[in-house]
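Colleague: At position 657 of the sequence shown (counting the first as 1) the number is 657 in full-length UniProt numbering, and the numbers step up by one without a gap.
Worth flagging that the hints you see were computed from the coordinates, not collected in a lab. Values in this document were obtained by computation on a predicted structure and should not be read as measured data. Backbone N, C-alpha and C define an ideal beta-carbon position, used for all residues, glycine too. Misleading hints may appear alongside valid ones.
[What the hints assert, rightly or not] Label pairs and their calculated CB-CB ranges:
#1 N636 <-> Y614: 24 to 30 Å
#2 I195 <-> I338: 29 to 35 Å
#3 N269 <-> E304: 32 to 38 Å
#4 K391 <-> E304: 46 to 52 Å
#5 S673 <-> L458: 31 to 37 Å
[As the list claims (entries may be wrong)] Calculated lysine to any residue pairs in the SDA-like style (CA-CA distance at most 20 Å, straight line):
#6 K665 <-> L649
#7 K341 <-> N383
#8 K341 <-> D313
#9 K669 <-> D631
#10 K460 <-> N383
#11 K627 <-> E695
#12 K519 <-> G493
#13 K438 <-> R456
#14 K669 <-> D644
#15 K341 <-> K265
#16 K479 <-> K301
#17 K226 <-> L250
#18 K551 <-> T563
#19 K416 <-> L492
#20 K686 <-> T700
#21 K585 <-> F569
#22 K253 <-> Y221
#23 K301 <-> Y221
#24 K242 <-> L191
#25 K204 <-> S178
#26 K460 <-> E410
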Amino acid sequence: MNEKKIDLNKIAKKQLKANIELLNIDWLFKDDVALKNMPLKVTIVYALISGFWILFSDRILNILIENKSLMVRMQSIKGWSYALISSFIIYFLINEFTKKSKASSHTIKENYQEIQATYEQLIAAQEELRAQFDELNEKQAIIEKSEERYKLALEGANDAIFEVDLITKEFFSSDKISDITGYDKDDITSLEDLIKLVADEDRKIAIDDFNNHINGKTLYYQSSLKIKYNGGGDKWVLIRGKCLRNKNGLATKVSGSVTDISGQKDFENKINKLKYYDILTDIPNRKLFINTLESEIIKAKDKEAKHAVLFIDLDNFKEINDTLGHDYGDELLKNVAIALKASIREGDLVSRVGGDEFFILMKNIEDYSEISCQCAKLLSSLNCEISIVGKQVYTSASIGITVFPDDGYETNILLKNADTAMYSSKYNGKAKYSFFNKNMSDIVVRRVEIEKGLRRALEKNEFEIYYQPQIDIINNKIKGFEALLRWNSTELGKISPSEFIPVAEASGLIIPMGDWIIKTVYLQNNLWKSKGYLYDTIAVNLSAVQLQNDKFEENLKRIITETKVNTRFVELEITESILMKDFEKSIKLLTEIRDLGIKIALDDFGTGYSSLSYLKQLPINTLKIDKSFIDNIVTNEREKAIVDGIIQLAQKIDLDVIAEGVETKEQIKLLQSMGCNQIQGYYFSKPLPSDEIEEKFLKTNWIKPYN
């Protein structure tokens, strides 16, 4: 505080002097001088009277009285007269002195009392002044502390404070405005100067928001704006404020703040990028594509415009990913995204919706030929050989096309149509494009639904393993089981393996499905063996796609390690058609599998290339006769002869034989007479869930009578 300290003593003296002047007691000091001269006056008067009496009293008596006796008597009277007169004079003088003394004492006493009262008033005034002084100092300290806190708040806050008088145009801003804008505080001396810093595209927004608040349309003024930073580049700021109004409601002053939100905007942009862009390819994701499509559909309804949705799926991405690894797969997807962005028209949108699937939105198309030209250009850029990390990879893609509003008005319908059309391209040879057609084959639509369902089936735990017993009719016991996959879709219901297995193989989904089946069966075997159940093997079917996968053996070994299964109790079934695709490679792989202790069965024997010469080369343990030969074995001599020949062939090369699809006692008796002692079919049991197999067969060792 810069104020001079108040001197209370000086104030008190000034007040005392003022009160004395008001009392007007100067006369008191004049009478005081008269009282001091009173003794001298009495003495002088007494001396004069005495001298006069001595000088003249005798002379007067001598003149007036001649008789000596009378003179003597008069001398005596003269002495008493002198004493009386002098006493009277002295009395008078003393009395006057006493009166004046009393009067003066009374006056002094009264004035003393007044002075004492005045003094007490002065003391009270001094105490009041001191209290006021202390209160003033306390308030001053509070003000100084508040000012210090306000100053620290301004300096420490991220906000710049501003105030503008709308009447006088006077403008104030805190020093922080320089940090935020890069301009010197003296360069921003008006609201107009501040508005000029706003980027051109945001300036109208800033002015409209400000005017709306001034006109009472909003409670507060608030705008997020981009400004031009003096150091170069742009910054994002949040300007907030509120106006002060007079009694007529007219805005007279606006106070507010300017906050640098550039960091927040950067963070929001990063969040939005994560939310709306694919991290790998840096192109829009499914969410942004759908939002854009829905927005364009709304606009198109008003303008009667047409849009096309293109669904692009790479044809061989799964094989590339599995063969070369995910790093190569990721590089391929990046290259595809670059190629698609380079091929689309200006204003169109390309997005990655997951895996190897991409969407393209063609806006405002004139006719279908325009779409065809675009698709031909896309296929040309994708159906080619691409170099990825020094390796040449051939890619191709299938495209499905749907058009708004011709094929539908809703986003989900359009996406479904594009999906259906894309699968039509795949099922018709791949590496081509197809327009959605409402009369498209129901088979295509069904396959699309099945594949989509299969992609979610493992996650939703919709698969279940059923087991069909294989019976040893010589020893009347359970020889083993064949594991069979069943699918009960929550959306499509129960679907036959003959319907969904081909789709799984075509889409490559059979690979993760197959691994799940093997692992599930091996764990089930461990459980049953831990309970002491007696059987030889559980067989699992393999598809050609699984065997052609270069990582099949690696995955199989991993599953064996994870489950700790005893491989002598498990068997893998393959078909003749699988073997013939690459006979030499198949023999090598099956030999390595058998070396792991796993048995190999050749399924559906007799339907393909049945030959003793190639059977000798195969590392198999069991032949399974296809059901098609068993159905008419009792009545058809030709088929009976074929089955008998297969059985004799197997016995010659020391292979077990299992007849599939056995449904009658007559079939069992005939097969038994031919030397086939292992039977599988509905006569003994249809495929059943594991808990039913355990209750019906394993716990009881019950076998249905067949003799």
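Colleague: Go ahead and decide if the range 46 to 52 Å is satisfied by the Cβ distance of K391 to E304.
Modeller: holds, 49 Å
Colleague: Please verify whether K669 and D631 have alpha carbons no more than 20 Å apart.
Modeller: holds, 14 Å
Colleague: Taking the CB of S673 and the CB of L458, does the distance hold inside 31 to 37 Å?
Modeller: Given range 31 to 37 Å: violated, Cβ gap about 45 Å.
Colleague: Decide if the proposed pair is consistent with the structure: K479 and K301, CA atoms, cutoff 20 Å inclusive.
Modeller: violated, 68 Å
Colleague: Taking 20 Å as the top limit, are the C-alpha atoms of K665 and L649 close enough?
Modeller: Since the Cα atoms of K665 and L649 sit roughly 24 Å apart, the hinted pair is violated (cutoff 20 Å).
Colleague: Are K416 and L492 close enough, with their CA atoms no more than 20 Å apart?
Modeller: holds, 16 Å
Colleague: Is K438 within 20 Å of R456, Cα to Cα?
Modeller: The hint is violated at about 26 Å.
Colleague: Determine whether the Cβ-Cβ distance between N269 and E304 falls within the hinted range of 32 to 38 Å.
Modeller: holds, 35 Å
Colleague: Sort out whether Y221 lies within 20 Å of K253, counting only the CA atoms.
Modeller: Given that 20 Å is the threshold and the Cα spacing comes to 13 Å, the pair holds.
Colleague: Does the Cβ pair N636, Y614 satisfy 24 to 30 Å?
Modeller: 26 Å Cβ-Cβ, so the 24 to 30 Å window holds.
Colleague: Do the alpha carbons of K669 and D644 lie within 20 Å of each other, as the hint requires?
Modeller: holds, 13 Å
Colleague: Taking 20 Å as the top limit, are the C-alpha atoms of K226 and L250 close enough?
Modeller: Judged against 20 Å, a Cα distance of about 30 Å means the pair is violated.
Of the numbered hints stated above, those contradicted by the structure are hints 2, 5, 6, 10, 11, 12, 13, 15, 16, 17, 21, 23, 25, 26, listed in ascending order.
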